[in-house]
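Undergrad: Listed here are the chains, written in short residue letters.
Protein chains: 2
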Amino acid sequence: MSKHLQHDLDRLKKETLAMGSMVEHAINKAIRALLDRDAELAREVSQGDDAIDRKELEVEDMCLKILALHQPVAGDLRYLVAVLKVNNDLERMGDLAGNIAERAMFLASQAPLAIELEIERMVESVRTMVSESLDALVEQDPVLARRVCREDDAVDAMQRRMFDTLTALMMRDPSTVERAVQLLSVTRHLERIADSATNIAEDVVFVVEGEVIRHAPHPERARGSVR
Amino acid sequence: MSKHLQHDLDRLKKETLAMGSMVEHAINKAIRALLDRDAELAREVSQGDDAIDRKELEVEDMCLKILALHQPVAGDLRYLVAVLKVNNDLERMGDLAGNIAERAMFLASQAPLAIELEIERMVESVRTMVSESLDALVEQDPVLARRVCREDDAVDAMQRRMFDTLTALMMRDPSTVERAVQLLSVTRHLERIADSATNIAEDVVFVVEGEVIRHAPHPERARGSVR
Chain X
31 MSKHLQHDLD RLKKETLAMG SMVEHAINKA IRALLDRDAE LAREVSQGDD
81 AIDRKELEVE DMCLKILALH QPVAGDLRYL VAVLKVNNDL ERMGDLAGNI
131 AERAMFLASQ APLAIELEIE RMVESVRTMV SESLDALVEQ DPVLARRVCR
181 EDDAVDAMQR RMFDTLTALM MRDPSTVERA VQLLSVTRHL ERIADSATNI
231 AEDVVFVVEG EVIRHAPHPE RARGSVR
Chain L
31 MSKHLQHDLD RLKKETLAMG SMVEHAINKA IRALLDRDAE LAREVSQGDD
81 AIDRKELEVE DMCLKILALH QPVAGDLRYL VAVLKVNNDL ERMGDLAGNI
131 AERAMFLASQ APLAIELEIE RMVESVRTMV SESLDALVEQ DPVLARRVCR
181 EDDAVDAMQR RMFDTLTALM MRDPSTVERA VQLLSVTRHL ERIADSATNI
231 AEDVVFVVEG EVIRHAPHPE RARGSVR
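If you read the sequences in order, they're chains X and L. Just so we're aligned, residue 31 is where the first sequence starts under this note's numbering, counting upward by one. Just so we're aligned, residue 31 is where the second sequence starts under this note's numbering, counting upward by one.
Any given hint could be a false lead.
Chain L is faced by these chain X residues, among others (derived, beta-carbon under 10 angstroms) [to be verified]: (1) Glu90; (2) Arg108; (3) Val111; (4) Asn118; (5) Glu169; (6) Pro172; (7) Arg190; (8) Phe193; (9) Val207; (10) Val238; (11) Val242.
Here are the simulated lysine to any residue pairs, SDA-like style, with alpha carbons at most 25 angstroms apart [as the list claims (entries may be wrong)]: (12) X:Lys44 with X:Ser32; (13) L:Lys95 with L:Met52; (14) L:Lys95 with X:Gln170; (15) X:Lys43 with L:Gln101; (16) X:Lys43 with L:Met52.
Okay, the calculated beta carbon distance ranges per label pair [as the list claims (entries may be wrong)]: (17) L:His34 with X:Asn58: 37 to 43 angstroms; (18) X:Lys43 with L:Ser161: 37 to 43 angstroms; (19) X:Pro142 with L:Ser51: 45 to 51 angstroms.
Hints were generated in silico from the structure; no laboratory data involved. Idealized CB from N, CA, C, for every residue including glycine.
Construct the complete structure from the given sequences, taking the supplied hints into account.
TA: Below, the structure written as structure tokens:
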């Protein structure tokens, strides 16, 4: 690999990680706003989304320039295509953090729902998946990446349980409908953030091992023997 | 451009359009299953998703091979990167069609909700957006693509109205909660399909005019004077 290409790839990596850290920050803030019922903090998340959008365009532009200038092949090409997709997923995660923040603003203005929810456990799982998917990206670690993919099933299951709990609550007490529907949205956004973290993890496996684990049944994704 | 590259790009275009038509078909089927309360048809949509997933991998693989073999620059490179993104959006639209089909199966097993809903109008708008975004892609038509972007605002507004209608219904009559929540999911899936159609339209504008209209305020997206 030429020195120039290496230099440009290093710069790209730095920018992608900067984007990742902005997005992780936004997600953590949105979650904190939700749990702490902090409307002010929620507003900050919405305001930060422009910076994430700008960073997405920068990273994509950088990828295109490297492709055009160096015409990389094999592993480098695979890496660049993966960065394009990771970048896209990160931007989507930023949007979802914004959506959670909006719901958090509404919920902060209402009386809290008096039920035990799995939301804190779900939040913890999603947060871990986001952080581990970014670590897997930095370290190019397929073992960690596969762990993220496995965790996605647990988050899906939590989302289904939250759905049942919230639906039952609304039927029992119609005065909870508005808040429960908003909270249901939050759990969907969390689940989609987990999906995006899984996409990133799958891209890491693809870059490092050249193996596509998208669309594979989960046990095989975990085992890594998918064709 | 070399004859070989032209030949490969033609083949790629054909495959992308085949993928587009599979996805459009799935969406229309899911919608029909929902409106006609046809559980059998809904099941067909779920079964068809594997074929869409396989096609996604094929198209992506083709893009990677063309990039590695021909190392295209300028317009061709931009086109290939756009195809990678369009491909991704199409796969997501296929998933969303599957989600709608699942909800349709549940709703077909229940008594219909006795309220006038905007759902048919929303469905019609989304269907038009999907079909026009694919036409814009085939014809590389930025005027049509910008029309798709504008229509997205109308779909968002419809989704918000459906949200209010369904929330009010649940509060008035708790026996509707389960069905209303499922219908609310359908409207969210429809809205996300519209978002993906918008992404495709934005990619068409990017390929043809070299202009990024993502993240621009909508009137400017429509006018095409965004910086």
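Undergrad: Does each hint fit the structure? Answer for all of them.
TA: Hints, verified against the model:
no.: 1; hint: Glu90; verdict: holds (8 angstroms)
no.: 2; hint: Arg108; verdict: holds (7 angstroms)
no.: 3; hint: Val111; verdict: holds (6 angstroms)
no.: 4; hint: Asn118; verdict: holds (7 angstroms)
no.: 5; hint: Glu169; verdict: violated (24 angstroms)
no.: 6; hint: Pro172; verdict: violated (19 angstroms)
no.: 7; hint: Arg190; verdict: violated (12 angstroms)
no.: 8; hint: Phe193; verdict: holds (8 angstroms)
no.: 9; hint: Val207; verdict: holds (5 angstroms)
no.: 10; hint: Val238; verdict: violated (16 angstroms)
no.: 11; hint: Val242; verdict: holds (6 angstroms)
no.: 12; hint: X:Lys44 with X:Ser32; verdict: holds (19 angstroms)
no.: 13; hint: L:Lys95 with L:Met52; verdict: holds (23 angstroms)
no.: 14; hint: L:Lys95 with X:Gln170; verdict: holds (23 angstroms)
no.: 15; hint: X:Lys43 with L:Gln101; verdict: holds (22 angstroms)
no.: 16; hint: X:Lys43 with L:Met52; verdict: violated (36 angstroms)
no.: 17; hint: L:His34 with X:Asn58: 37 to 43 angstroms; verdict: violated (49 angstroms)
no.: 18; hint: X:Lys43 with L:Ser161: 37 to 43 angstroms; verdict: holds (40 angstroms)
no.: 19; hint: X:Pro142 with L:Ser51: 45 to 51 angstroms; verdict: holds (49 angstroms)
Taken one by one, the earlier hints fail for this structure at numbers 5, 6, 7, 10, 16 and 17, listed in ascending order.
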